[in-house]
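So the sequences go chain by chain: A and B. Each residue of the first sequence is one higher than the one before, starting from -12 at the first, in our numbering. Each residue of the second sequence is one higher than the one before, starting from 2 at the first, in our numbering.
Heads up, some of the hints might be wrong.
[What the hints assert, rightly or not] Derived DEER-like restraints, expressed as beta-carbon distance ranges:
#1 B/K366 <-> A/D174: 33 to 43 Å
#2 B/R376 <-> A/T46: 13 to 23 Å
#3 B/P337 <-> A/D217: 32 to 42 Å
#4 A/R52 <-> B/G370: 39 to 49 Å
#5 A/A61 <-> B/A32: 57 to 67 Å
#6 B/F308 <-> A/E216: 25 to 35 Å
#7 A/G51 <-> B/R403: 31 to 41 Å
#8 B/D248 <-> A/A120: 36 to 46 Å
#9 B/N146 <-> A/A61: 57 to 67 Å
#10 B/G586 <-> A/R98: 51 to 61 Å
#11 B/D155 <-> A/E84: 53 to 63 Å
#12 B/D248 <-> A/R98: 50 to 60 Å
#13 B/D311 <-> A/S190: 12 to 22 Å
Don't read these hints as lab results, they were simulated from the structure. Beta carbons: idealized from backbone N, C-alpha and C, even for Gly.
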Amino acid sequence: MALLELENVVAAYGNIRALKGLTLAVEEGEIVALLGANGAGKSTTLRVISGLMPPESGTLRFAGRSIGGLAPGAIVKLGVAHIPEGRRVFPGLTVRENIILGGSNRERASRAELEADAEKMFGIFPEIKPFEAALGWTLSGGQQQMVAIARGLMSRPKLLLLDEPSLGLAPLIVQQVYRVIADVRRDGTTVLLVEQNAHMALSVADRGYVLETGQLVVHGKPEALWDNEDVRTAYLGGRRT
Amino acid sequence: MRASVRSGKSPPSVIGRRGLAFGLYATAALAAVVAALIMPLSAYSLNLLMQAATYAIAVLGLTIVLGYTGQINLAQAAFFGIGAYSVALGTTAFGLSFWGALAIGVLVAAVAGAVLGLTSLRLGGHYLAMVTISFQTILTLVLTNWVAFTRGPDGVPNIRRPALLAESGPYLGLCIAALFAVAWFVWRLKTTKLGRAMQAVRDNELAASVIGVDAYATKVAAFTLSAVLGGFGGALFAGGFTYVSPDQFSFAESVVFLTMVLLGGAAAPAGAVLGTGLLILLPEWLRFLKVIYLAVYGGAVILIMIFMPDGIWGYAMTRWRLLRPARPIDPGIIAPLALARETARPDDTVILSVRGLSKHFGGLKAVDGVDLTIRRNTVHALIGPNGSGKTTLLNLLNGIVRPSAGSVALDGVDITRLPPHRRAGHGLGRTFQNIRLFSAMSVLDNVIVGAERPHNEVPAGGLERHALGALDFVGIAARAGARVGSLSYGHQRRVEIARALAGNPKLLFLDEPGAGLNHVEKDELVRLLTRLKGHGLTILIIDHDMAMVEQVADHITVLNFGKRIADGTPSEVLRHPDVIAAYLGEERPALSRSYGAS
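For reference, chain A alone in the conformation it holds in the complex (with noise of 0.2 Å):
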């Protein structure tokens, strides 16, 4: 059984169907890409998933549990962590308590663990760790995303959405969110990452799915999705390495 199940759903803005009855399945300990244009579905289906928006119809299941419909807060408790596009840093809190905010779903973690586990993350990002005190407003774009990242992974959760990790990160950067996401995995955790650097999101990748206007494209390894010609060229862009 898969850790995470779609099936058939369904999911609208208003008059506008973000989703026509998705269907697709993560494993546990895998990390499956979400490929496609801007408008494809993609953000959706990862909201749909963390509970920030209901679908219409379709079923969702979470480690054999159905999730659809459920509040956000009760999913994030079940182990799904979500960290969106565009940041949303805590404007107003330091980067440390931004951070440290990320394991609140675990009840009975004592702060002197939390405390260390925030220690990681400035480990895993030490550009961030000069500015631990400094307020989250104060942080350039890209150092708000790394936050934003460092506040996920402090759930510690079994499924992480990742929803375009790299946007505006410096080449370096993303260098290193990429060894992050491979490191996750590593320690347990399965991985649904969207992303518009195809070529980035399927080296890392097991498998891909490809989303055009809220359907399924393809899906596959990342080797076949590579290797069709078709695919290729309409949604990852320009050449392999």
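Position chain B against the provided structure of chain A, taking the given hints into account.
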């Protein structure tokens, strides 16, 4: 050309439609005035209608300041009171004619509004709210306690009306005519340059100032207009009731005015009139409930606010649009965008010269003595690690942030001390890292605001044609009529570029235009940048996609920790060991892909 070609028939004239609308509106106004004159109304009904009409004029002022411009004004009853007391004291103590006293009232309200606006509109949000509350309180105290002048709590009786309109019926006719005229003015204001500037300030003040809107002056203008309408409504109110006293113009009344505009809907004059009518009539309708009527009245207001946050009119309009989606604007034949006529001089001269520019936030040196030279008709890229000061440098160049030291010269003019909107007037354009559009306005209006920057020469054919040309240039003229908030991310990026292009910039700053775009969209972006350069534009671009930067840039400047660490051609800079260590990392992802016109 994608634009549709009309077969033979002449395009529907905008003037014609406006003329028709005005004709209908004037007929309705005339009918209402005639009805007021000939209908035998009881004194009670006359009073209610007079109150509603004069209040509505003041509430329309709030439509301008709150609905259009997004600024809070909790002193509308004070301006209303200034108008009312001018007529009251003018026609009694000073023996002035009604019209003379009315003119003085409007003038005093205008001056009070302008002074209050000039002194307080640099503050925002709750500070402005507090300043207006204080002004309101002071005015109430003056009206109550300066007995020798205002006659204190006893109020002013026997206020005179104009000689020909001394009867209540004709006077109500005057109030209704005035209301129709003011509502028409407020409605038309929305589509003027000033009205668009107001909405731009409301939706995104920073973006508005960067594209050439003087946000402060716009807010002061809105505040003053609002005070004028408050004073005008108050002056008519005093004549209507022939008696005024300080308690009619208290803070509580300001709150009532505010509730009226929010309840009816602040975005359109119809909402103001609707909200005023409802809040004046509702208590009368509910009187049969006797002891609980106030509770029901309060409950009804709360329910409307919860379920119709945009007000009744806003709610009705949303429903209406769902039933009848707006017809897309037919762009017709779009003239190609005339860009940078004066600047198309690829002669290797310097267009932007930055010397020793620094910005220190406390101990942090965000930008530290940066020199930058941008040559005309080139694409200049600014790259560097996250937090290296790229966006701060752009903000310094735009005037959003004041430099600690250094100078900036654009095309030979020192702009170091100029505010953002004046820099836009000198030909600086800009897009933002996190898109900043005027989300409640249409795509076309967003671009028109860009075209209305100071000193922009809009070619013959008018603003709308020019704005459509800019939208066509980025390939989305077909979406001109849509609300910009309803567009996809990629399209919003293009609207932002079109808005900047419509201002005919000499130098265009693009802050991470490629972020969040997929490879197909990036291909299009590369082609767009190439076309812009072909039109003689100079571009300063920040982006992290080295494949794209390498392809479009003629020159690259690299920042790290606020300092320039490299500067030169792409091939030099991207091989620079410091740049590789600080920014690119061990791999060269740039080599794996290429974009665009290959």
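Here's how the hints hold up against the structure:
1. B/K366 <-> A/D174: 33 to 43 Å: For B/K366 and A/D174 the Cβ distance comes to about 38 Å; the hint holds.
2. B/R376 <-> A/T46: 13 to 23 Å: For A/T46 against B/R376, whose Cβ atoms are near 60 Å apart, the range 13 to 23 Å is violated.
3. B/P337 <-> A/D217: 32 to 42 Å: holds (35 Å)
4. A/R52 <-> B/G370: 39 to 49 Å: For B/G370 against A/R52, whose Cβ atoms are near 59 Å apart, the range 39 to 49 Å is violated.
5. A/A61 <-> B/A32: 57 to 67 Å: holds (59 Å)
6. B/F308 <-> A/E216: 25 to 35 Å: violated (54 Å)
7. A/G51 <-> B/R403: 31 to 41 Å: Given range 31 to 41 Å: violated, Cβ gap about 59 Å.
8. B/D248 <-> A/A120: 36 to 46 Å: violated (53 Å)
9. B/N146 <-> A/A61: 57 to 67 Å: holds (60 Å)
10. B/G586 <-> A/R98: 51 to 61 Å: violated (36 Å)
11. B/D155 <-> A/E84: 53 to 63 Å: holds (59 Å)
12. B/D248 <-> A/R98: 50 to 60 Å: holds (57 Å)
13. B/D311 <-> A/S190: 12 to 22 Å: violated (47 Å)
Hints 2, 4, 6, 7, 8, 10 and 13 from the list above are not met by this structure, while the remaining hints are.
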